[in-house]
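Chains as they are written, first to last, in the working numbering: chain Z, 1 to 69; chain B, 1 to 357; chain F, 1 to 248.
The set of hints was computed from the structure by calculation and includes no laboratory data. As the structure is a computational prediction, the values presented were derived from the model and not from experiment. Be a bit skeptical, because a hint or two may be false.
[Said to hold, decoys possible] Now the in silico label distances, taken between C-beta atoms and shown as ranges:
#1 B:E195 to F:E8: 40 to 50 Å
#2 F:E8 to Z:K69: 14 to 24 Å
#3 B:I223 to Z:D7: 29 to 39 Å
In this text, a Cβ means the ideal position worked out from N, Cα and C, and glycines have one as well.
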Amino acid sequence: MAHIIIDENKCKSCYICIGTCPKGLIKKSNTTNKLGENLVEFVDKNKECIGCAMCAVRCPDMAIVEVHK
Amino acid sequence: MENEKVLVKGNYAIAQAALNAGCECYFGYPITPQTEIGEYLSGEMYKRNLAYVCAESELAAINMVIGAVSTGIKAMTTSSSCAVALMQESLSYACADQIPVVLVNVMRAGPGLGYIYPAQGDYNQSIYGGGNGDYKLTVLAPSTVQECIDLTYRAFYLAQKYRNPTVLLADGLLGQMMEPAVFGPNPYPEVDNSEWALTGAKGRDARLIKSLGPNEDEQIKLIYNLFEKYKQIEDNETDWEEINTEDADVVLVAFGSMTRNIKATMNVLREQGLKVGILRPITLYPFPNKRLNELADKVKDFIVVEMNMGQMVNSVKLAVNGKARINLINRPVGQWLSVEEITTEAKKILEASYASV
Amino acid sequence: MQVFKIPESMKKDAKFTYCPGCDHGIANRLVAELIDEMDLKEKTICATSIGCSVFLYDFLNVDCIEAPHGRAMAVATGAKRARPDHFVFTYQGDGDFASIGIAESTHAALRGENITGICINNTTYGMTGGQMGPTTILGQKTTTSPMGRFVGTYGYPIHIAEHMALCDGTAYSTRVALDTVAHIKQAKQALKKAFQVQLDGLGVGFVEILATCPTNWKMTPDESHERVRTEMMEIYPLGVYKDITKAE
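Next comes chain Z alone, as it looks inside the complex:
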């Protein structure tokens, strides 16, 4: 089942991934970093992820560490 794994330690809250995911499955999370910015999380209740890895390709911080199809 397609999914991604995010390493919150690396996320810098640039939010590029949010606009990149064609299914809109990445959202701001309630977790904040030291600067008070919200990190992101993968939310896929309806199993819509297609494992395209576009989010990982665009993430400038390798915060999306794995993508599975």
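Based on the hints, put chains B and F in the right spot on chain Z.
What follows is chains B and F alone, placed relative to chain Z:
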């Protein structure tokens, strides 16, 4: 062939000695009075299938040397005075990087573009350095074509042994004169650089050679380590020549090809009954401070003879530390001070000295 | 089936220190991916440069020599001439490559050194706080061109990929960007080509990568990529400016 005595020009002697020392890369730019080195090596490197680049500038050349020696291969560049000035940033980097850069500076007259006649105006540039921060180059000063050969061998060895940029500081006279000399085999052993050279991270962690130091504590530690290394160089490699100093009241001090003139001057003055000796540093860094200071217990006058406005004289003053009189005979650039001129000046200085006693 | 992972050639637990939205992170990763895919790690030597680009050596797990500002192509020349069987590349910013380093960059290309040059062009001197650089666009405001770059005082910007293409020793020169997934994939192919021309002994392989600098542009990451897409690509069109493997 190796042990045959040949008549050879200084510049060619340096070039061939570099090859004998295992130099596999030459990167250079023409500048009088050392252009023959690059010209000679262009043919010889090609014959041996070794690396030769006509660099676009001396600035590029020194950086090519940095690239080559970082990979553990011997490389050098040769230049003169004003163009060595271009290299100062890179020399500072290379000292912090701790890589065995070899540079030959065949001095010409400055300041600025100056002219191609010989001078000794780059003592300060070599010893105090024109680059930024605290660092020291190992500096060797030949006085004959034979020493051009011997000290080129030593320069490559010391650079590798201490992982420190090393300068062979010659001058236009030496570069251009022809003298009999023997090349002989390179007497120094190979130094193992397999612990630090960039050879591709095969079967080991990646290595980094850098001088960026954003961590203050680490930067301080690096600098102290460098200076511990410099202390080792001082303890082990300080080299000089002294003649007739056992009973000398007066010691003439010079470096490079001026040595020849003070040796002859010493003989003339000895014939006239003056107790004159000479001390001539072979390593300008490390400087023979200890020996000069020891001599100053008995010697009353040191006379420094150099072709500049007084550069090595300051090192002698520091070494002697007030224990004896320091005098200077100099000419800014050009025609080397003759034995007659030095003799005349020396006698004037000594008359004044003795008169004031 | 896993379709994406962190490249092996990245240092374990590498955590980029670049600003949020900075394209260095993507460029670094693409280089690492290619080093993995082309099995180059054990014979790679990288000459890094000065600027934000210097941090590559904190993350990429290959032998690196930090070149003085601007001199990476000369340092790379020395390394490749000393070890011709190794893979030698540079990773530089636009200031490093095309301002202070323009002579070294140009002459390495004229000599046709078998090295690969990568230039990350964000139209500004990033590390030092956003001053005007050699590729700052006319009209662009920076800390040293506060009224906007104008010709009278500041002259014209340089078109780096075109400039490199003019040099006879350049085998491949191209300009790419990292603003969309499609462009990132194109950029990776371009880098792969630039690596391959070195391996084939054809001369300089050069890739200019249009990139963001959100901090100094005072834009969000998304706005920055929009600027790359609109303003920058208008002046610096993407494309292949030289490819000797496709000669008539």
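Distance restraint hint 14 to 24 Å, applied to the beta-carbon atoms of F:E8 and Z:K69: At roughly 20 Å between Cβ atoms, Z:K69 and F:E8 fall inside 14 to 24 Å, so the hint holds.
Supplied distance hint 40 to 50 Å, evaluated on CB atoms of B:E195 and F:E8: Violated - the Cβ-Cβ distance for B:E195 and F:E8, about 25 Å, lies outside 40 to 50 Å.
Range hint 29 to 39 Å (beta carbons of B:I223 and Z:D7) holds or violated: 37 Å, holds
In this structure, the one hint that does not hold is number 1.
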